[in-house]
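Enquirer: Protein chains in written order, with this note's numbering: chain V, 250 to 793; chain G, 36 to 435; chain D, 146 to 407.
To be clear, the hints were calculated from the coordinates, so they are not data collected in a lab. Some clues are possibly wrong.
[Unchecked claim] Ranges of calculated distance between the beta carbons of each label pair, as one might list FRET restraints:
#1 G:142 - D:331: 33 to 43 Å
#2 V:792 - D:209: 28 to 38 Å
#3 D:209 - V:725: 20 to 30 Å
Each residue gets a CB set at the ideal place from its N, CA and C atoms; glycine is no exception.
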Amino acid sequence: MPSMDAVSRGLMLESLRNYARRRLPYDFLREKDRNNEFPAEVLAEMYDFSTLGVHLLLIPKEYGGIGAGTYDIYRVCEELARMDLGIATSVFATFLGTDPLKVGGTEEQKAKWMSKIAREKLLVAYAATEPDAGSDLVNLKTRAEHVVKNGEIDGYRITGNKQWISNGGVADLYAVLALAPGGPSWFLVEKGMKGFSANKHEDKHGIRLSNTAGLSLDNVFVPKENLIGMEEGNGLTEAQAVFGYTRLMVAAFGLGAGWSALETAVKYSQQRIQASSPLSEKQGYTHKLIVPNAVNLEASRAYIEEIAERLDAGERGLQTEGAIAKYSATEAGNKAAEDSIQALGGYGYTRDFPVEKIKRDVKITCIYEGTNEIMEMTIYRGRWQEHLKTRGEYYILKASEMEALHGENPDVGARASALALRTLAAVMEECRLNKLTRHQYITFKLGNFISMAETSAVFAKRASAAYSESVKFDTETWQAMSRIYARASALKIAVEGVSLVLGAAAESSLPSKINLAEIQSVQSGIMKDMDTVARKLKEVFKAR
Amino acid sequence: MIEVLDKCIGCSKCVPACPFNAVSMVGKKAVINEACTLCGACVPACPVKAIVITREDPVHRDFSAFKGVWVFAEFEDTGRKGPKKIRKVTLELLSEGRKLADELGVELAAVVLAEKNRNYEKELGAYGADKVYLSENCEFSDYDTDIYSAVIAALVSKYKPEIFLFPATFTGRDLAPRIASLIYAGLTADCTGLSIKNGLLKQSRPAFGGNIMADILSPNSRPQMATVRPNVMKVSPPSDKTARLVKENINIPEGMRRVKVLEKKVAGYESADRIDCADIIVSGGRGMKSREKFNVLEELATLLGGMVGASRAAVDMGFKEKSRQVGQSGTTVSPKLYIACGISGAVQHLVGMKTSDIIIAINKDPNASIFSVAKYGVVADVHEIIGKLIDAVKKAKKIK
Amino acid sequence: MHIVVCVKQVPDSTEIKINPETGTLVRTGVPSIMNPYDHFALETALNLKKEHDARVTVVSMGPPQAKSVVQLGLALGADEGVLLSDKAFAGSDTWATSYALSLAINKLGKFSLVLCGMQAIDGDTAQVGPGVAQQLSIPQVTFCEEVKVNGKKAWVRKATDYGYAIAEVDMPVLLTMMMHKDFEARYPSFLDIFNSDQKPYHVWTAEDIGAKKEYLGLKGSPTQVDRIYPPEKGCETQMLTGAPGEIAQKIVDILKKENCLR
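The shape of chain V in the complex, shown without the other chains (with noise of 0.2 Å):
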């Protein structure tokens, strides 16, 4: 679905700020994290048609909701993960469960079910995860068994356990993968049907506020025509073909949750005196603390951004790239979350300021949707066939792509970028020859280079054109970031990848093929760079 316009979409979003600083003020949500306690009445008012109805936009037009695009989505989810992550993921439990249905269903199905959760609210339950299958679904322990009536299939009975399901202590709906005795397959189970229960709600690190909690099913009659798509078998195709997409929303939940942090801690830095002066003016503060993580969020948005649009304008599939931006923005935002605490020095380790909170909210974006190690196994099993495909050529074109913006533009670090993508073309190679990918842990290093280089030259080529409406930022600090982080990536890709794989191989001629000289050449400006950034941050996110 193609997003909305943008003005559509800043009333939304304004909407869901005001409903924040409205309902939602600190000491509420620190109480609620402090019980362990789900905001019951805050999702049931989101839910609310008349105050947001934040539900609808995964819920496509002919079914009574408003059938938001990815860009869309990207921008909510960011806002919801500024508000509270634990909130977030109670709202994003639903958009994840309604997708095996949206994915797999019959248009029956879709119109029943889909209008039913707009019209009355349902809060839904994405139930795959087993205790012994998490990434690794084909371990799948979950029965769903034929129950025949007068020789024909009259619905399933399912027996097994759920772990760590998102709403499942409150969910009205739950999508719960089981193996059918034709192959894992969906199944829309009801809150109430005999045999179905809830655990208790876990007692987490953070995200305190969204209820998570294990299932039982013991012998669960479901009617066949919850069976979704009416086919058995397609459960594992269906919950892979939406993983470019959620884990988009994951990205943006780091991306907020990071923001969300840093924005304290570059106001705190406004505020604080030390020695004569705020923290905000003394670099090695700001440059240590502040900028890379403002560096690496910003980078993050702009890859998002672009596999945002690229799934509206049609595209499927693409789950190399949703698994590069949630790797890339967790891994951001959780850092950002962390240097945020430290920032706030003895504050940021209380209660009383929020970072503390975030920083252990966020830590589930690293975890869930598929932790980040599996991204970078993902992201490098992606790119490693392109790279066998292409002989080696996948990111020696894509340099070259980067060469000619850097013609074009010589101001968005697209130069440090190419330098980025064709030593990492090269220390690919240098692993075929070697045969080094039977070491996992360079395969994983791998699938971190990948996301660097490629999140590099997105953020060059987004730098250059136009930018978005979610930027906060003049073009000239926008650009010193794009440096900052393509530079950053070029001379990362070079000095771990000459690393790894000396260390690993018999012997390598692979210093010999990377330009280290004029990846250190491109390193000149940096200090400019990181000192526009501190300044620019402290006027954007001034303190009152």
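Mind docking chains G and D on chain V? Use the hints.
Expert: Then chains G and D, alone, in the frame of chain V:
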């Protein structure tokens, strides 16, 4: 220029609408005579929109005939029995207008619309007016936008002042823009400084939400109109001069008053409730952190015999009611003593209190702009100071 | 009954930022909102709509992105929206703005009420409302807190310097609205925003409303900004230092000296 189009149906509704008897019916058509001041009062009276006033090209107008500084004289309307008093802000404007007139070498005049003259030329003259343009009519006893704007526009057309100052009161803010719109004149609201620059009125005011100052000129229209809030300008000491009285007879046509006031209620006007009447103000801002902490200021204010004020931020955060808001967007004050607690000092706040005699500012941030207007400054957490200050004041007043 | 509401897009006042080095306004990253007084005027109109089956049109003037406040009005319940947007309008002062708005309102046809916020929080001039009323040749009541409609008459309660007044006036009339302190702006739901995109919305240029260019924009505005500058330093400040107790004592000494302790 004014013209009556051919579509005039001869209904003669425009005739009584004119305050100057400048419209008469000739045959079956309205004719405008030379008494017309282009005030525009007849335009809405015409049911077929046959009367059209076209104004000259704004850029190429000749302003040589426009001379003198005018001040609109506003009267108190407190509902008390007896003759209405001239509002103090009028005297503030005269004092300021005097300086402008002197610099330009022109006359200063006050415009008085009243039921009856009560030696206004004496009081207004004492505060600087050379002349008083007075129109008497029983219709003037209750302010009405349409009547006042038509009459004043007519006076402007006739006597052509180059500068015209209005108080930025509820009345002034209702009247001035209506007149400006009627005569195509530049109007600058809530000026905090007035001066002459190359023969033009330079009007200074906070702009863009009050964090920055702007100088504004109206080079291509006359009069140059400005409103000024009460307490922004200082009143000069009175002299024993009397102004020359120029009486203007104006007929107020029937039906000109379109807004019927059914009831007037005086509320919250007692000086005990009014922040702009307080001699001592203890004011708090965002730095007071919470409503509870803000309330500590009450004790200090009571001890000093003053009142508590608040910045816009403090009011927005619900620490204090809007009626106590000090600043351009609230009330402008000029007390003897102003203690600013945890107020960083946005321009719009500063212009609303900087004429206070003594300003003491307490703020954590040494760069806070409040210090730029403060006579005494304290860089500290306001919460650490206030308690001690209350104790010290009690000790000085020998209160246990 | 047809009610026209004039609204303005303004920078969120709590977020205004000034570059301390250049003294200019920082425009990036400053969110825009509907002027809160206009928001109140709009809610007043929408309440009247409920009671009297009225039609509400929202009119704004501004750059293309000011569409946002018009659409906000539609999402909240207005029936039709108009944005006056044209390079010719850029830099208009309150006179030129009133002129353009009044032409647009006339183009909309018959109306009973024009509601405006009493002032905009970015300029605080309170001049556009009366200016529009004058250009439309209709009466005005400014600083209204409450409005009722009865037949052809409007009944208002308005603030005065001394308290308040109750007044009655034949419609059409222009009212400028002053919100009470408890007013909380309402924001539309996602569905209302989504549906508002389907309502009639027009962008009108200077030509569309038949405006004369010499009365528009920077050139047609009688007031001109001569200079913008950070406020100058007022006076020498004497800083009081020491422990909190010492500072308190120093302040008391000043109060005594200045005769402020009674």
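Enquirer: If a hint holds in the structure, say so; if it does not, say that too.
Expert: Hints and how they fare:
Taken as a hint, the range 33 to 43 Å is violated for the pair residue 142 of chain G and residue 331 of chain D, whose Cβ atoms sit roughly 53 Å apart. For residue 792 of chain V paired with residue 209 of chain D, a C-beta distance near 32 Å keeps the hint of 28 to 38 Å intact. In this structure, residue 209 of chain D and residue 725 of chain V meet the distance hint of 20 to 30 Å, their C-beta atoms being roughly 24 Å apart.
In summary, the one numbered hint that this structure violates is 1.
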